[in-house]
Structure formats: structure tokens, C-alpha cells
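Engineer: Residues per chain are reported as follows:
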Amino acid sequence: MAEMEIKFDVNGKQVRVSAEPNKTLLSVLRENLGLTGTKDGCSSGDCGACVVMLDDRPVNSCMVLAPQAEGSSVVTIEGLASNGELHPVQRAFGETWAFQCGFCTPGILVSCYALLESNDDPTREEILTAVAGNFCRCTGYQGVVKAVEQAAAEIRAANKSGGGS
Amino acid sequence: MTDSAVVGQWTAAPGAEEIVTGKARYCPDIQLPGLLCGKLLYSPHARARIRKLDVSKAREMPDVYAVITHADIPGENSYLYAEPDQPLLVVDEVRFQGDAVAAVAAKDERTADAALQAIEVEYEVLPGIFDPLEAMKPGADPIVHGEDNIMMSKMYRSGDVEAAIASADVVIENTYRTQWAEHAFLETEGGVGLVGDDGGITVYSSCQAPHRDRMQIARALGIPESMVRVITPYIGGAFGAKDEAHVQIHAGLLAHAAQRPVHLIRDRRESMLTHVKRHPMIVEYTTAATKEGKLLAVKARVIADAGPYTNSTHEVLNKFGEFIGGPYKVENVEVEKIGVRTNNPITGAFRGFGAPQAAFVYESQMDDLARKLGLDPLEIRLLNGVETGTKMYTGVVVREGTAMKASLEKAAEMIGWEKRDQVEREPKKHLRRGFGMATILKGSGLGRGLADHAGVVLEMHRDGSVVLQSAAADMGQGIITVMAQLAAERLGIDMSSVRVVRADTAKSPDAGGSCASRQAMVSGNAVLEAADTIRDTLLSLAAGKTKIEKDRLDLKAGSLTVDGERHEISVKDLAQRASNWGYPLHAESTYQFEYPTDVPEVTYRYSQEVFQFCTQAAQVLVDCETGQVTVERLIAVHDAGKMINPGGVFGQIEGGVAQGIGYALTEELIVDEGHTQNPSLENYVIPMALDIPQLEMEVLEIPEPIAAPLGAKGIAESPIIPTAPAIRNAIYDAIDKPLYELPMTPERVLPVPDVSD
Amino acid sequence: MSIPEYTAPATLDDALGIKKELGAEARVIAGGTDLILRMRDKVFSPSVLIDLRRLSLDGIVLSDNEMRLGAFASLSQILESAEIERLFPALPAGCREFAGPPIRNRATLGGNIVNASPAADLVPPLIAYDTSIVLTSSDGDRVLSLVEFFVGPGQSVIKPDEILTEIRLPVMPPWSAATFIKLGQRRSMAISQVNLTTRLSIDESGAVSDARIVLGAVAPVPMRAVAAEEFLLGKELSEELLNGAAQKARAEVTPISDVRASHSYRLEMTEVLVRRALLATWDELGRNATDG
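Residue numbers (the numbering used here), protein chains in the order written: chain A, 3 to 167; chain B, 29 to 785; chain C, 211 to 502.
If you are wondering where the hints come from, they were derived from the structure by calculation, not from laboratory data.
Each statement offered as a hint is correct.
Below, simulated DSSO-like cross-link-like pairs (lysine-lysine); rule was C-alpha separation at most 30 Å, straight line: (1) B:K80 - B:K135; (2) B:K135 - C:K252; (3) A:K148 - B:K51; (4) B:K457 - C:K458; (5) C:K230 - C:K252; (6) A:K148 - B:K438; (7) C:K252 - B:K80; (8) C:K445 - B:K456; (9) B:K457 - C:K445; (10) B:K456 - C:K458; (11) B:K51 - B:K535; (12) A:K9 - B:K51; (13) B:K135 - A:K9; (14) C:K252 - A:K9; (15) C:K252 - B:K85; (16) B:K457 - B:K765; (17) B:K447 - B:K319; (18) A:K15 - B:K51.
Simulated restraints on C-beta separations: (19) C:G227 - A:K9: 23 to 29 Å; (20) C:P380 - A:E72: 35 to 41 Å; (21) C:E293 - B:V529: 57 to 63 Å; (22) A:E72 - C:V253: 21 to 27 Å.
Just so it is clear, CB atoms sit at the ideal spot from N, CA and C, and this is done for glycine as well.
Use the sequences and the hints to build the structure in full.
Structural biologist: Below, the structure written as C-alpha cells:
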């Protein structure tokens, strides 16, 4: 047997892929599912370009074998927006110039999204720690801090006014 | 800043939404029916002769569509545009670990790997030469390439250095060493080649110079350039390494051989082993000065380890020599520039292009000089700093030099230079705090005597929306945003109405390479000229309709204005009118950077004349027992002329400083007998989020008088240049130990001289 | 090129059965952050990968004065445990400096142990807390002291049919404190140049009743500086005493030179960091005393 069937949830949708067991989740997302938003920067877990949410935690998808995602829920950069609306942190990134070439951005955005899901008022140190596994060569991290602070403020305001639909 | 609607405003990049949603496509994301996986077989040896190369087994494998060696290259087997002495695929002698020997295209990655394994290569490993000082000696063996290991040896002299040295009160001599540095852009090198029905080749290339790529791909395939098209998708960083060709030519060759689309993407390890690095340099540097600290002469001898192939060694050493005197008034200069071939990693362009190495030398020496004379490091720099009207030793006259001293004074103010001795210097027994600064200059543009131009095509549609076609490669530095802003500003529309088509040689005129901090200037000016043509048409129509003199009319924020006041006619109305009545709103413009001719004789070849001045100051904390250096504060004061895109400018500064901190303290490719020991992001240590202090940045906006669109000049390179010497000088201040070698790792910082000695 | 089979057994017995049959040909994959790399580099080419994700071997349970950790507890889970922070703070201290958040969400304590890297960050704190581990096979459990597990770089005493299932830390005696220090080339995503944990326990008279000085990345295996530990026993704490212990520790290590650090730097740093860690542990003991 070479390929095996793997079922999991990506961005809220059930998928079923056929892949060799030593194929990574990153490869399956990009090649089998055409979700090329998540990037491969090093294939060794050192750069964070491949970060996705796996069962509510950010992980390096190049360091997860596809079958290890069986029955799990995965959220990629393509799944951060909801109902066509960008997540506040996605919008904030554009406004604060938190990226330039953009290659690290999907991974960093998912790390920031993960932080904001559990902490709507992060300190600068907490933000930098959240992206301590994400490597950006173009822009550094000050714009990221500003973007996350801006998004956090927006999220807090929405929560206060009874947010959600 | 005036009443600009768009220029100078913080505005999101045109591609922002694509990037934050993951829709932006880079070379590895391009999906095509039947796309094959291409790979290169690289030499594991630094020097070897190929005794046997048999690809027949690989070719016979199922699902392998092409296997090529040098014998299968239809055109020229070379790349590099300046001096094409690097083979695309090695013929007989491998000259560095990373020389490519064969290329395959197969159904998928696994099959491509298997095909590489099936290629039979017999190497006769030969002794290589790895020390440039040895390699340059007469009779050195082996000769790496061509006739001589000395690739270039040039001497430049201005004034009378020997006499100046003889008359000086103080003469300081030091030898400096810098390391191989790796660009570590996040998207590795990639190319996607495909063949059209008429035999034309299209290559999606992660590159900095699409037209140059086109020329080289055509040359390798032996076909006319008209049959080649190069498109840049999104590019994930470059910093100079993608200026010269990397895998895109091979991608074209494979697509041609397989007659199917092929993508060739290097993995990180391959990337670190095979693409160009920053030249390591050994610099003997002599400074002569009066006891008041006035510079009399500067003498330098630089030996650069170029690796085996020429690439941009001449140009990098040219820039090194042009700036080795620093932003200072000094007339007597001698610089001997030697580029040496070895079997070490290949070298090439890297942000700064010789200037970071030069700055480490001249700014470290400035502090040594200040110490020797008992002068304040700030004062000695102010004493010697260039001003508007200063004639450099190269003969170039500084047209606008206010920023030099202004940046020094501002940086000093921001770091608290005058009060630095009131800051706690020894917060713990083993910790020492220090302050240092460095001030630099860098030129924008390719240099006097070189053709430096860019073209652009602009078209406005009947609804006032605009398409801008430029071949200026945007690898993150933001030229697309800058061009959109300039077009929007001139045509009185907003950014969202400007669509910039990414570089495509079939659609846009040559813009030259994105390098030398030049695109904002040349492409920016081309955009303004093209926009002015369209603007003129619109205003002529407006004048006709309103019966108001054209010189009272303008376009702003979507409307016609009369004497600055908003009129009811909109830009869209005018565009519609033009379209209805057959007035083309289409312009193509090529901007040629012209150097002023009314200057006294410029003696330095390819000298630049649009200068970026910049000062950085650092506050460091040195752990005297471990040698670790923490950068607590970093002040960066940059001279951008005028900011068109503030977000991009601050991003460039921060990114450049982060690279500078790495260059200063931790980044180093460790090469042993030509073999890189740390070709991974794990062991090539780049500072990450917790390692970089909160930068304090300031941009001085002193308009550039020669070339700049709306006063702006390039700012891309200067941020990386002063960081290492600023940190070095801060370390010197903290522990009383001058360092002369990069990077300043803990092992080089130790031992710390005992204060009680 | 071999592609392994992958299986996620429903019970531990199933997993152990596979191990019994295939031995080292079957490798357990936990977080995978090390194993996947080694497979890519062809250091390991197992024919079967056993994934224990269905077995919930990630418990964190305090019972009978002993903290029992499932081998598959991720470092993030360790960091989320208030009890571990209270009772064994050097362990989460080590976790906090380990790589970065995405890796911590996958990497497991068991994985860090079984890899048997001399530079494993979490092993010195565990040894300092007198950790024992449970190696399980279809023949039953084998419990041994963690410090005895390692025999060389990448080599341990684990048998081909065994799986590391549990990690046990005895609650320290009162008047104990421990300190973790890591020396790396940057503050995240760094492999240790030197890492270590010191633990001191004192009796009512203030003399050292127990000492652990455990070092990583300075020998073929994580090691206790036994002579330095013995030197401290029964003595009153003083700066001079701790300096002496640090000097002794330096004499016990056998570091190599590699791309991260030279042999002599590691020797030097052993002394510097052992001294700092011991001083910090002493300081912590004093703080605990005044808190009490």
C-alpha cells in the first residue's frame, strides 16, 4: 500500500485526500487541496512560513505528517476571513505595513490569529513571543506588533458592544 | 510635505489583500496542467573533475521527461550577464560545492529525486584552494578558472596619500575581516518554464531583472529574445541574490527539453549551498589625521574572496572603493581592490553591495581614531562630515549634503548621546553598557557612465481607472506601491483606481534590475512623465470645456480643480470625454537618469551622485562572562529625500536593521575547505522577533535635487550598512575592546579586558 | 525509496504488539518535530510509523507525592499546568526557551527524551528532579532513573520492543529550588550551546541535603556533575562554596567543538553558568524561606 485515505476538516469543510503516509500536511494542503496560501520556507520547522492551526493550535505543517491530521480540524490563511470579511488582524496587517514581500505573512498571520483567539489584550512581549517561531527577513516585527494591537483593540470593542451575530 | 493626497500617506500596498488572504502566487504556487517537477544535480565537491557523466538510466526511467547535461544545451552554456563565466551545467570541472551538473524533469518530486539518484557521475576529487591570500600568490595552485586566480586588481588614487601620511600627527592601521553572509529570503529561488504552441518559452521567474533574464534564457536556448517571455509573479524577497540568474534559465531549458511545463524550486539547503553570498573581505586600512581629528588621508587594500566565478565582483569592489572614505571630507585616498578566485562559495550582489563591508571598516576606524586623540566620536564625525557642495575624492560634488550632519545630530539626540555617561553603565557586576554610532553614505543608481533607465506604460480607461505596466520587479521593497502612488497623485485619482500589472516582458518596457536603490528614481520618474502626458490631455479637454486657462487647472482627489478649488467636473468625466472624442489616454515613457555635466572631472568610474545619508546609534549590554551582546536600543535616522510610501520606508529600515544586527553579531556561513557547514536556517543564525529591540526610527525629508520623483530617493540599501559598526563601537565603549572581525560572536567578544588592569 | 506504513492503533496493547513483532523497524511518532527531519535526511527509514495519538498518553496527574506525565504531553500542555509550575518550575522554564510556539505545540516530553540528543533542553531539568521513566513492552513495564537512560549521542537503553509511556517526577522535599539556564545563539529557535539545571535541597540547619548539577550539550549524554554535587553535600551555602562547585563541574565535562560553539567556550561557559544557576537557586531558596 502506498497511498492512504485521510479525512479531516479544512477551513470548516470536510475533505478527503489520498496521500502517501510520509507526505506532510503542508504538501497535502498545497498539492492535493490547492491551498497554496501556506508556504514552504525551509521544510525543517525553522521558519514558520508553513504555520496553520491544527485543532486550535498553531503548528508547523511541514512537521506534521498528513495522516496525523486524521479527524482533526485545520485552519489555513485561506480560512481566516469569514463570510467574505477579513479578520481584523488581516486588515490591520495591510494598514500597518506589517509585511513587504508577503511570503512569511500567512504563517505569521496564523500565529497572530492564534494569539488573539485566546488573548484579546496581548502585551508587546506576548505578541513577540507568539511570533518567535516565525521568521521575517524583509520587515522585522514592529509592524506586526502594531497590527496585532490594532486588531486586539477592534476585537475588544466588538466584544464589549455585544459583538457577533 | 504639502497637500499631497496620496504621496507621503500611509497607504496599503496594492497587493495587500492578496497577501493577507493567501491568494498571492509565488513561483512555487503556480499550478499548471501537466506541471513537471524539475531538479538540479549539484556537485558535492568543492573542486573535482568529472570523469564520467552518464544520464541514460535516468532518461529511461518511467515518468522522467527530460534529463539534460551541458551537451544538451542548445545555445550558450553560461550565465551571468556581465561576464558569463559560470556554466549552467558543468562541462568538465566543478569549481565549488553547488556547481550544477545535470537537470531533470519528472512527474513529481519523488520521481525527480529518483532520477537524480540514477544519474551516474564519477568525480575525481581535486585539491582546491580556499584561502584567498594563498590563492593570489604567484604560482598558486590550482588556478581556479581562466588564467589567474586574481580576477581583478585595480588601484585608485586621488591626491597624494604618502605625503599626507608623512605629514600627519597620527596614523592608524588595522586589518578588518568580514564574513560570508546569506540573504535568507523566505522564498527560495524558483522558476517555472513552459513552452507555447509556436515554440516560444515563457518563464515565471522569482527574479530582480526580468529583461535580463529574458536575454539569458534566449541565449541559453539559442533562440531570439522575441521568442522568450519572462513574468514575475509575487517574489518572496531577494536582497540582491536574485539579481543574477539562478534556476530560471534551467527551468526554461527543461521545459524546452520536456516540451511540458516544469517548475524548478530549490529547497532551503540547496539554496544556501548554491546561490551567491556576500563577499567576505580582508581589508588593511590606514587613516592619517591631524591631532584635531581632521582626516588627511585614507589608504585601503581590500582582498575579496570571490569564489570561482566573476559575477558582480568588479562592481562590488568598485562600490567598496567609492565609499571607503566614508561620508567625510578627505582628498588623499588610495584604494587597491583585489578580487580573488577560490573554490569557496560563489559571491554576488547583496544589499549594500560592498558598502556594509566598507562601513564596518571606516566607521570602526573613526572610533579608534577618536579614542587615540581623546575626541568625542560624535565631534570627530561632525568635524569631518561632508556638506552640500563638498567635492568627494572621487570628484563627485555633493549636491545636497545637509542630511549627513543632520542625521548625526538627530541620532545623537535620540540616543541621548550627551547624557550617556549618566546612564547606569554597570547594572550588574558582569554586565556593561555601551553606546556607539556609525554614519554612512550610499549611492542610488547604477553609476555615471552606465545606462540607467526604465520604461513604463500607462493607460487610463473611460471610467478613470488606470492600468500601469512596468517591468520593475517588486520583491517586497514596494516599487509597485510607489508607482501606483505617483500615478494616482499625478492623475488625481485614488490608489484603488490604479492597477499595476506585475512585471512581464511581453507587456512592459525594460526597467532594468531592481538593485542599487534605483527603482523609485528611474521607474518613479518614468511614471511621472507618462502620467503627465495623460494629465495634459485631460487638462486640455477641461480647459476646452470650461474655457478656463489650463495653467489654473489641476486634478486632485477625483476632481478637476480650478485655482486649487474643487470643480464639479470629475476626472472620470474627463476620461469619458476623452474616450468619446478619440483622445488617447495612453502614454509610454522611458526615463533616462542623467548625471549632471557641469561638474569638475569625476575620476572614479561608475560613481554615483544621489546619496543616501544615514546614521545609526546603538546602546548595547555586554555580558562580560558569556560574551553575549544584547542590543537594547537601536536608533536609525535615514535620509529618504521625501517619502512617497512611509509604510514601505519604515519597513525597509526595520528589515535592513534586523539584517544588520544579524550581520554584526551572529550571521556567518561556516565554510571548511569549500564545504558549508551550516546550510540551514537552524544553524545560520538570524535574529528573530525576541532578538531585535524596538527600533527608534526617524526619516529626514530633505528633497533630492537631481533625479528624484517629487524629491524622493532610494532608501533600500542604507539601513543595513551602519548597523554593524554602530554596534561594534558600542561594544568598544562598553568593554574597552575594539573588534575587527565580523560577526562579533560571543567567542570573539571574549575575553573582556579586566577593568582593573 | 521506502515509504513507511502508518498506523494509529486504538490501544496500547495493539501498539506494543507491533513493536514486539517489528522491533526497531517500527518507530513511534509523537510530535514528529525531530523524527520527520531524520526521515527526510534518511537517518531513519522505518518501515512502520506508529502514532499513539488515539491513546491520550498526555495526562498530567499528581498522585501520592509524584507527578506522572504521559510521555505524549506536549510542551504547550506542560506550560499550561499550574501544578507543574508550582512543583517543578525548572521544567516549564526549559519549555519556555524551547524553539518557538508552533514547535512547542507538537513536541513532546517523551520525544525529547527518546531522541537522546546530548543537547536536549528538557532532560537536565528532569534529571535534576530525579525523574524516572516507564518503558513499556508487551511483557510489562520497566521503570528506570532517567539519568541511566542515555548511553551516547542519539543512543539509549530503550529496547526495540519498548515504548516510553510515562515520566514520573517525585515531589521535591521542602526547602528545594531549581534553576534552568540555556545558552543559545538567539532567544528562540536555538539549539543549546550549553544547557543546565541546578537543584538544591537544604535541611533545617541550612546545609545542603541534596544537590543536582545537570548539564547538556557538553558531553556525549546529558550528565550530572557528580563530583561537584558531592562537594556541596552537608555544607552551608556561600558564594565561595558555589564557585568551587562550578569549578569542579567544569572539570567533569567533555564538550566538543561544532558549528555552534568551540570546546573551550563550552568549558568556560560550564563554569560561568553553573555558578550563575547555583547562585540563582540559592537566591530562590532564600525567597522561599521568607515566603514561608
